[in-house]
Every structure is written in C-alpha cells, then in structure tokens.
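J.: Sequence:
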Amino acid sequence: VRALIQEMVEQYDQPTIVDMEAGLEHLSRGTIRYVDCILIIIEPYFKSMETGAQLNRLAKELEIKHVYCIANKVRGTEDERALETFCAEREMNLLGMIPNDDSLITADRANLAPLDYDANGIAVMAISELSNKLMNLEVI
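Counting from 1, one number per residue, gives the positions in the sequence shown under the working numbering.
If you are wondering where the hints come from, they were derived from the structure by calculation, not from laboratory data.
Heads up, a few of these hints could be off.
[As the list claims (entries may be wrong)] Distance condition first, Cα-Cα at most 20 Å in a straight line; then the derived EDC-like pairs of lysine to aspartate or glutamate:
{"hint": "1", "residue 1": "Lys60", "residue 2": "Asp36"}
{"hint": "2", "residue 1": "Lys73", "residue 2": "Asp118"}
{"hint": "3", "residue 1": "Lys73", "residue 2": "Asp108"}
{"hint": "4", "residue 1": "Lys65", "residue 2": "Asp36"}
{"hint": "5", "residue 1": "Lys73", "residue 2": "Asp102"}
{"hint": "6", "residue 1": "Lys65", "residue 2": "Glu10"}
{"hint": "7", "residue 1": "Lys133", "residue 2": "Asp36"}
{"hint": "8", "residue 1": "Lys73", "residue 2": "Glu43"}
{"hint": "9", "residue 1": "Lys47", "residue 2": "Glu80"}
{"hint": "10", "residue 1": "Lys73", "residue 2": "Asp101"}
{"hint": "11", "residue 1": "Lys65", "residue 2": "Glu91"}
{"hint": "12", "residue 1": "Lys73", "residue 2": "Glu129"}
{"hint": "13", "residue 1": "Lys65", "residue 2": "Glu138"}
{"hint": "14", "residue 1": "Lys60", "residue 2": "Glu89"}
{"hint": "15", "residue 1": "Lys65", "residue 2": "Asp13"}
{"hint": "16", "residue 1": "Lys47", "residue 2": "Asp79"}
{"hint": "17", "residue 1": "Lys65", "residue 2": "Asp19"}
{"hint": "18", "residue 1": "Lys133", "residue 2": "Asp19"}
{"hint": "19", "residue 1": "Lys73", "residue 2": "Asp19"}
{"hint": "20", "residue 1": "Lys133", "residue 2": "Glu80"}
{"hint": "21", "residue 1": "Lys47", "residue 2": "Glu78"}
{"hint": "22", "residue 1": "Lys47", "residue 2": "Glu89"}
{"hint": "23", "residue 1": "Lys73", "residue 2": "Glu50"}
{"hint": "24", "residue 1": "Lys60", "residue 2": "Glu50"}
{"hint": "25", "residue 1": "Lys60", "residue 2": "Glu91"}
{"hint": "26", "residue 1": "Lys47", "residue 2": "Glu84"}
{"hint": "27", "residue 1": "Lys47", "residue 2": "Glu91"}
{"hint": "28", "residue 1": "Lys133", "residue 2": "Glu84"}
{"hint": "29", "residue 1": "Lys73", "residue 2": "Glu84"}
[Unchecked claim] Derived Cβ-Cβ restraints for the label pairs, each shown as a range:
{"hint": "30", "residue 1": "Ala119", "residue 2": "Lys47", "range": "31 to 37 Å"}
{"hint": "31", "residue 1": "Glu138", "residue 2": "Ala22", "range": "24 to 30 Å"}
{"hint": "32", "residue 1": "Met135", "residue 2": "Ile41", "range": "16 to 22 Å"}
{"hint": "33", "residue 1": "Asn111", "residue 2": "Glu63", "range": "37 to 43 Å"}
{"hint": "34", "residue 1": "Glu84", "residue 2": "Ala119", "range": "25 to 31 Å"}
{"hint": "35", "residue 1": "Gln6", "residue 2": "Lys60", "range": "18 to 24 Å"}
{"hint": "36", "residue 1": "Ala88", "residue 2": "Asp108", "range": "29 to 35 Å"}
{"hint": "37", "residue 1": "Asn132", "residue 2": "Glu61", "range": "25 to 31 Å"}
{"hint": "38", "residue 1": "Met20", "residue 2": "Asn120", "range": "27 to 33 Å"}
Using N, Cα and C, we set each Cβ at its ideal position, and we do this for glycine too.
Work out the full structure: start from the sequences and follow the hints.
T.: Structure below.
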C-alpha cells in the first residue's frame with residue numbers, strides 16, 4: 001500500500017483520497033508518510049476518541065503537516081461538548097461534526113448513496129460543509 005500511495009503522489013498532481021482501515025497500523029508502519037493531510041474520524045465513544053488521540057500523536061510525530069479530526073454520529077449537544085473538550089485537551093484540531101442521521105441507514109438499506117436518497121439530509125449537509133472547509137484550507 002505504501003508503494004502504491006507513493007507512486008500516486010509522485011505521478012499525479014491532483015488530490016488523492018485514500019480511505020484507510022480504522023486503527024493505528026497505517027501510521028505505525030509509515031504507510032501514509034507521503035500524505036499532506038490526514039482526516040481522523042472519531043465517534044463520541046471513549047475507545048474511538050482515544051484511538052483518534054493516538055492517531056493524532058503519531059501523525060504529528062511523522063510530521064504530517066495537516067491533521068484534522070472529524071466527529072461522526074454526533075447525537076446532540078452533550079456529545080458535541082464532550083468531543084470539543086476531549087479534542088481541546090489533547091490538541092486535536094476538530095474540523096467539524098457530522099450528526100447522527102438515521103436516513104443514512106435507510107439509504108444503505110435501499111442501496112442508495114446518501115446524497116441520492118436525501119440531498120438535504122442533516123448528515124449530507126454537514127459533510128458538504130466539511131468538504132467546503134477542506135477546499136478552503138487548500139490542503140487538498
């Protein structure tokens with residue numbers, strides 16, 4: 001995987017998005033050493049947040065320039081506050097939050113992309129806002 005990512009980065013002068021399996025393996029093996037930006041997706045559960053914090057530390061050790069955290073499946077203000085506090089205490093750059101949205105499950109059951117199922121769904125809108133933020137940051 002490391003060689004493939006390196007080849008893609010060297011041959012193509014355009015953004016390349018790679019969705020990696022959750023966990024620490026890709027960072028500890030140096031698989032993503034050629035990336036300019038990493039998005040760490042966490043959920044409002046302790047194990048997920050702790051894994052995200054470990055990924056954040058490793059990414060900084062590897063000197064990845066842009067490391068952002070995105071919270072997924074956020075169920076309200078209590079989750080929002082807990083995530084904001086957790087990230088602030090660990091110097092994690094929380095880029096945004098995607099609310100929990102049952103329409104994503106319904107779309108999946110119907111074998112439809114969330115955007116095709118409900119383009120105005122709360123999660124779809126949050127993802128759209130996050131993609132705009134990323135483009136404005138000029139890191140991809």
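J.: Are the Cα positions of Lys47 and Glu84 separated by 20 Å at most?
T.: holds, 16 Å
J.: Decide if the proposed pair is consistent with the structure: Lys133 and Glu80, CA atoms, cutoff 20 Å inclusive.
T.: At roughly 19 Å apart (the allowed maximum being 20 Å), Glu80 and Lys133 satisfy the hint.
J.: Do Asn132 and Glu61 keep their Cβ atoms within the hinted range of 25 to 31 Å?
T.: Holds: the Cβ-Cβ distance is about 30 Å, inside 25 to 31 Å.
J.: Taking the CB of Ala119 and the CB of Lys47, does the distance hold inside 31 to 37 Å?
T.: holds, 33 Å
J.: Take the C-beta atom of Met20 and the C-beta atom of Asn120, compute their distance, and say whether it sits inside 27 to 33 Å.
T.: With Cβ atoms ~30 Å apart, the hint holds.
J.: Does the beta carbon distance between Ala88 and Asp108 stay inside 29 to 35 Å, or does it fall outside?
T.: Because 33 Å falls inside the window, the suggested range holds.
J.: Does the Cβ pair Asn111, Glu63 satisfy 37 to 43 Å?
T.: holds, 41 Å
J.: Is the hinted pair Lys73 and Glu84 satisfied, with a Cα-Cα distance of at most 20 Å?
T.: holds, 14 Å
J.: Quick one, are Lys60 and Asp36 close enough, alpha carbons at most 20 Å?
T.: Given that 20 Å is the threshold and the Cα spacing comes to 12 Å, the pair holds.
J.: Please verify whether Lys73 and Asp101 have alpha carbons no more than 20 Å apart.
T.: holds, 7 Å
J.: Next pair to validate is Lys60 with Glu50; report whether the Cα-Cα distance is within 20 Å.
T.: At roughly 16 Å apart (the allowed maximum being 20 Å), Glu50 and Lys60 satisfy the hint.
J.: Compare the distance between the alpha carbons of Lys47 and Glu89 with 20 Å, and conclude whether the hinted pair is satisfied.
T.: The hint holds at about 16 Å.
When the structure is compared with the earlier hints, no violation turns up for any of them.
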